[in-house]
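Chemist: For reference, the chains in residue letters:
Number of protein chains: 2
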Amino acid sequence: MTAHSLTQIPAQQLPVTSPLEDLSLLLAADMRSVNEVIMARMVSEVPMIPQLAGYLIAAGGKRMRPLMTLACAKLFVDEIGRAYGLAAAVEFIHTATLLHDDVVDESDQRRGQASANEIFGNQASVLVGDFLFSRAFELMVEGGSLEVLRILSRASAIIAEGEVLQLSLQNSLSTTLAQYERVIAAKTAALFAAACMVGPVIMGQGDELCRALYQYGHHVGMAFQIADDVLDYDSTTSDLGKSIGDDFKEGKITAPVIFAYQSAQENNDVEALDFWRKTIERREFEDASDLPHAHDLMVKSGALNHTMELAQDHVRRARAALDICPPSNLKSILLDLAEFSVSRRK
Amino acid sequence: MTAHSLTQIPAQQLPVTSPLEDLSLLLAADMRSVNEVIMARMVSEVPMIPQLAGYLIAAGGKRMRPLMTLACAKLFVDEIGRAYGLAAAVEFIHTATLLHDDVVDESDQRRGQASANEIFGNQASVLVGDFLFSRAFELMVEGGSLEVLRILSRASAIIAEGEVLQLSLQNSLSTTLAQYERVIAAKTAALFAAACMVGPVIMGQGDELCRALYQYGHHVGMAFQIADDVLDYDSTTSDLGKSIGDDFKEGKITAPVIFAYQSAQENNDVEALDFWRKTIERREFEDASDLPHAHDLMVKSGALNHTMELAQDHVRRARAALDICPPSNLKSILLDLAEFSVSRRK
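Here the protein sequences come in this chain order: A and B.
With this note's numbering, you'll find the first sequence wraps up at 371, consecutive numbering, no jumps.
With this note's numbering, you'll find the second sequence wraps up at 371, consecutive numbering, no jumps.
Simulated from the structure, these hints should not be mistaken for lab results.
Just so you know, not all the hints are guaranteed correct.
Treat identical chains as interchangeable: a pair holds within one or across any two.
Here are the computed lysine to any residue pairs in the SDA-like style, where the Cα-Cα straight-line distance is at most 25 angstroms [said to hold, decoys possible]:
id : residue 1 : residue 2
1  : K274      : H331
2  : K274      : M73
3  : K274      : G146
4  : K274      : I144
5  : K356      : A345
6  : K303      : A203
7  : K87       : P44
8  : K325      : L198
9  : K303      : G146
10 : K356      : V102
11 : K303      : E291
12 : K325      : A203
13 : K87       : R57
All chains should be modelled from the sequences, with the hints used to inform the complete structure.
Modeler: As structure tokens, then:
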């Protein structure tokens with residue numbers, strides 16, 4: 026597979042919809058209720074809170090995680106009203122981590138527009154993140170399930186741990202693939218896994234099913250993040266909705282860098298080794314050609330292919346986790362969603 | 026009362042101890058268990074987390090809030106093991122808000138030493154704050170009381186709201202006393218109130234008692250914050266453990282500023298009005314004489330006295346809230362603690 030296999034479904038193939046759109050259609054009525062909860066609970070007498078939260082929550086987010094919560098609940102029971110508050114809580118936790126991430130990463134773009142911290146300032150982003158995080162817990166408390174609270178408070182701690190680990194590995198080319206996988210399992214896959222698991226949990230399903238959906242969410246999250254890390258170097262992409270090359274500029278160690286650097290070491294490619302040390306480790310950039318050069322090294326060394334194979338492995342494992350579920354339209358969409366998680370997306 | 030009445034108990038009067046020290050002594054065995062929980066739950070495989078959290082948690086914090094949780098539990102029942110995890114959770118929430126506050130305030134000092142964000146960076150402070158916040162919820166979930174979770178998740182949302190409100194009022198001399206009180210009720214008193222209330226709640230006490238302890242905590246928190254806001258201008262203080270003049274430099278609107286500005290308006294004191302607009306609104310500082318001049322205006326206008334009267338009113342209301350509790354040594358200390366909350370402290 027080449028980096029080109031990542032390209033979006035061409036427009037002429039319409040009306041083919043993405044599995045995420047299929048999920049949105051199938052769960053439209055449920056999702057309307059979730060959106061009502063989201064809007065109602067963003068409200069605050071402090072105007073800056075709904076302004077800032079609304080900016081991000083309305084900013085073209087695909088609601089992927091709350092849709093997965095709803096879908097994983099609806100696999101077993103049709104009436105899933107009990108999951109609405111949870112799905113909103115999942116979106117609030119996700120939004121809170123985005124707000125704090127953008128402060129941490131000093132990002133100026135998110136979903137193709139100026140990031141909240143660029144407009145409202147880092148201070149407001151930190152505090153509104155805290156507010157949304159607290160609101161998420163209030164929503165879960167109202168849901169009344171200590172098991173759900175346990176799963177999502179644990180996931181939240183793991184997310185923060187993963188972000189700190191990522192920070193402490195930044196600019197370090199000695200980072201191993203295992204360390205990278207640990208970071209993304211924590212910072213990204215933990216919330217996907219928890220979002221999927223709380224669906225069957227709140228519907229009172231048994232342990233085995235709940236664990237299977239946890240595995241499904243985990244592997245979708247891993248695949249999603251690995252593909253995202255490829256896209257940061259895919260300079261042909263214009264519709265990613267985030268700044269291309271952010272990871273590179275910050276010296277964030279992702280799979281493409283690990284594989285490219287490993288290849289340079291194996292081939293004793295002095296020029297490539299120097300390039301990676303200069304850019305990733307020392308953050309010394311010459312000019313606008315650095316990013317295309319990084320991309321070029323990644324293509325030639327097979328690093329991007331290796332990375333996508335890693336992502337595809339998680340796609341396979343996500344799909345396998347659903348074996349336990351009886352066939353249904355919803356299951357088919359979730360199977361497709363696993364594939365979709367590695368395709369280009371805003 | 027003058028600003029001088031704030032001075033610390035002189036050393037020659039030893040062995041007179043502060044109510045906080047009395048509480049520490051009386052609850053020493055319980056507090057040891059709480060500290061064990063705190064240390065055990067700060068642990069992470071990511072070394073930066075215990076390093077940073079430990080820096081702040083071990084940094085001379087008086088554990089005022091968890092001590093109050095224990096005390097308010099022990100007013101009714103001697104065996105308060107069920108409150109240990111909660112007390113640790115309260116300290117974690119407090120520490121998380123400190124970490125985020127220092128990022129927001131761009132502080133370089135906390136408790137008399139370099140603030141965590143100065144040493145570890147803003148990024149780590151944001152993320153470790155998130156980690157501690159999540160850990161707090163994990164601890165509460167283990168405690169198993171949805172009522173406790175409700176109280177503390179509500180308090181957390183209110184704290185964040187208060188901080189955002191404070192941010193949006195910064196540099197605005199039209200801020201009213203009512204708005205100021207709303208800010209401090211949220212950013213400071215809400216956690217004191219919740220910390221006190223969850224003690225009797227976890228011990229299964231009735232609503233009336235729980236509400237009374239909530240009121241006690243609320244008014245102690247209000248008094249504590251108002252006195253703290255006076256100390257930021259009290260330039261004779263050297264042992265405050267925070268940077269004097271921080272609020273002034275940031276243009277934070279606190280009671281001393283509100284009263285001093287109000288007095289300048291009433292007396293049409295053009296020089297004073299200009300001074301406040303220049304410094305607080307426009308953050309234009311001439312030299313090192315600005316802070317002493319602000320202090321001078323606050324003393325002469327009676328603003329510091331007014332502010333301390335406001336604090337004392339909350340002390341009285343905190344004490345009155347304890348009327349419902351039967352006499353005990355612990356109750357006496359809590360009554361003294363209300364007074365102590367407005368005295369000088371590290």
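Chemist: Run the structure past the numbered hints and jot down the numbers of the failing ones, going up.
Modeler: Violated hints: none; all satisfied.
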